Amino acid sequence: MTPLVRIQREDFDIGAEIAALTAGDPSIGAVVSFAGLCRDESGRLAALELEHYPGMAEAEIGRVAGEAAGRWPLAGLLAIHRFGLIKPGEQIVLVIAASSHRREAFEAADFLMDYLKTRAPFWKREHLADGTLGGWVEAKDDDDKAAERWS
Amino acid sequence: MSMATAEPASLKLVYFAWVRERIGLADETVTPPAGTATIADLVRWLKTRGEGYELAFENPAVVRAAIDQTHAKPATAITGAREIAFFPPMTGG
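Taken in order, these protein sequences are the chains called A and B.
Each step along the first sequence adds one to the number in the working numbering, with nothing skipped, and position 15 is 15.
Position in the second sequence (first residue = 1) + 1000 = the working numbering.
In isolation and in its complexed conformation, chain B is listed as follows:
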């Protein structure tokens, strides 16, 4: 199997705080289309999945992401990721 034509893998997505409320789900398992290479690509695809997603990502610069529980940037590759989280800027402490 060549790398370029690898099967799209299923991916667990988890959402927190107002991202979770706008999407209406705490988590889900998805299979993004082939060519979804980065966090930014994934967000672009998620925005096409309904009003809740559009609202959650209306300002994608605000929403933070983590890949397998480590902070990630929009340009970070999602290759091999098992769990990707989306959430607002953090307000702990």
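The shape of chain A in the complex, shown without the other chains:
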């Protein structure tokens, strides 16, 4: 099973991605998906701008997805991460894990998201509701701790 990784400006359709990942494999009994959306932070934000390192973004998420595929018996694994300007309510990231039984799919999706947050080369900058450009979002210690619990 080779994980699928896509880095794109365009939005994605979760239902279509699940259908494509599971098509033609009747051994699959569990599909777990996680989608991350842009929050408005109580009305403070107009948008988030996501900068990324082209090439390394695909490579690094691919490495993390490969680790997940080595750790759990999965039938399918997909990660999509968007870049560019993303407004509150819009989708930023999608992870889908498919397996015979639910535990593996839950854990693999959780693992992939934890490591994607601390290792994938993406940076968020705030665009504020008053029309001005905000600052770069700071990394959270909690995200490092979340990733460390898998090691």
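Keep in mind that the hints were calculated from the coordinates and are not lab data.
Keep in mind that the hints are not guaranteed to be accurate.
Some residues of chain B that are not near chain A, with every Cβ distance over 12 Å (derived) [to be verified]:
| # | residue |
| --- | --- |
| 1 | Ser1010 |
| 2 | Leu1025 |
| 3 | Gly1050 |
| 4 | Ala1075 |
| 5 | Thr1076 |
| 6 | Gly1093 |
Pulled from the structure, derived: some chain B residues nowhere near chain A, Cβ distances all over 10 Å [stated by the list, open to error]:
| # | residue |
| --- | --- |
| 7 | Ala1017 |
| 8 | Asp1041 |
| 9 | Val1043 |
| 10 | Glu1051 |
| 11 | Asn1059 |
| 12 | Pro1060 |
| 13 | Ala1061 |
| 14 | Lys1073 |
| 15 | Gly1080 |
| 16 | Pro1088 |
Label-pair ranges, simulated between beta-carbon atoms [as the list claims (entries may be wrong)]:
| # | chain 1 | residue 1 | chain 2 | residue 2 | range |
| --- | --- | --- | --- | --- | --- |
| 17 | A | Ser100 | B | Asp1068 | 34 to 42 Å |
| 18 | B | Val1030 | A | Ser27 | 47 to 55 Å |
| 19 | A | Ala20 | B | Lys1073 | 32 to 40 Å |
The structure displayed is predicted, hence computed values, not measured ones.
Beta carbons are placed, not taken as given, at the ideal position from N, Cα and C, and that holds for glycine.
Using the hints, position chain B against chain A.
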């Protein structure tokens, strides 16, 4: 040609987010001085190249690095590197 006296190689540097803004460049090609062996050595040299660099690396422990698109530590050797990136801690997902 002996290894110890190898010619300094030219190296592509790429910068992201506030590291890019402080330095004022998205990328550049440099030839570090002989003896620049690790990421930490490279950062020490870059800090001497102007105010923007000094500001970007004012707290070198915060800035992350990648060698040829793989995460690297300050002590990682840069021998043979083609592209080295510097960027803030990541905030994707």
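Tested hints:
Consistency note on Ser1010(B): stated as away from chain A, and its beta-carbon is indeed over 12 Å from all of that chain's, at 20 Å minimum. Taking the minimum C-beta to C-beta distance to chain A, about 15 Å, the non-interface status of Leu1025(B) holds against the 12 Å cut. The Cβ of Gly1050(B) lies farther than 12 Å from every Cβ of chain A, with a closest approach of about 21 Å, so its non-interface assignment holds. Here Ala1075(B) stays apart from chain A, with its beta-carbon at least about 19 Å from theirs, past the 12 Å limit.
Every C-beta of chain A lies more than 12 Å from that of Thr1076(B), the closest at about 15 Å, which supports listing it as non-interface. For Gly1093(B), the shortest C-beta to C-beta distance to chain A comes to about 4 Å, within the 12 Å cut-off, and the non-interface label is violated. With a least beta-carbon separation of about 4 Å from chain A, Ala1017(B) fails to lie farther than 10 Å from that chain, contradicting its non-interface assignment. A cut-off of 10 Å between C-beta atoms confirms that Asp1041(B) is not in contact with chain A; the least separation is 22 Å.
Distance to chain A confirms Val1043(B) as a non-interface residue, since its nearest Cβ pair spans about 18 Å, more than 10 Å. Distance to chain A confirms Glu1051(B) as a non-interface residue, since its nearest Cβ pair spans about 20 Å, more than 10 Å. Residue-level check passed: Asn1059(B) sits 13 Å from the nearest beta carbon of chain A, beyond 10 Å. With a least CB separation of 16 Å from chain A, Pro1060(B) remains clear of the 10 Å interface cut-off, as annotated.
Interface exclusion of Ala1061(B) from chain A stands, the closest Cβ pair being 13 Å apart, more than 10 Å. Against chain A, the non-interface label of Lys1073(B) holds: every CB pair exceeds 10 Å, the least being about 14 Å. The claim that Gly1080(B) lies off the interface holds: its Cβ sits roughly 17 Å from the closest Cβ of chain A, which is beyond the 10 Å cut-off. With a least CB separation of 6 Å from chain A, Pro1088(B) falls inside the 10 Å interface cut-off, contrary to its annotation.
Separation of Ser100(A) from Asp1068(B) is about 37 Å and conforms to the stated range, judged on CB atoms against 34 to 42 Å. Here the CB-CB span from Val1030(B) to Ser27(A) is close to 52 Å, well matched to the stated 47 to 55 Å. Roughly 38 Å separates the CB atoms of Ala20(A) and Lys1073(B), a value that falls within the hinted 32 to 40 Å.
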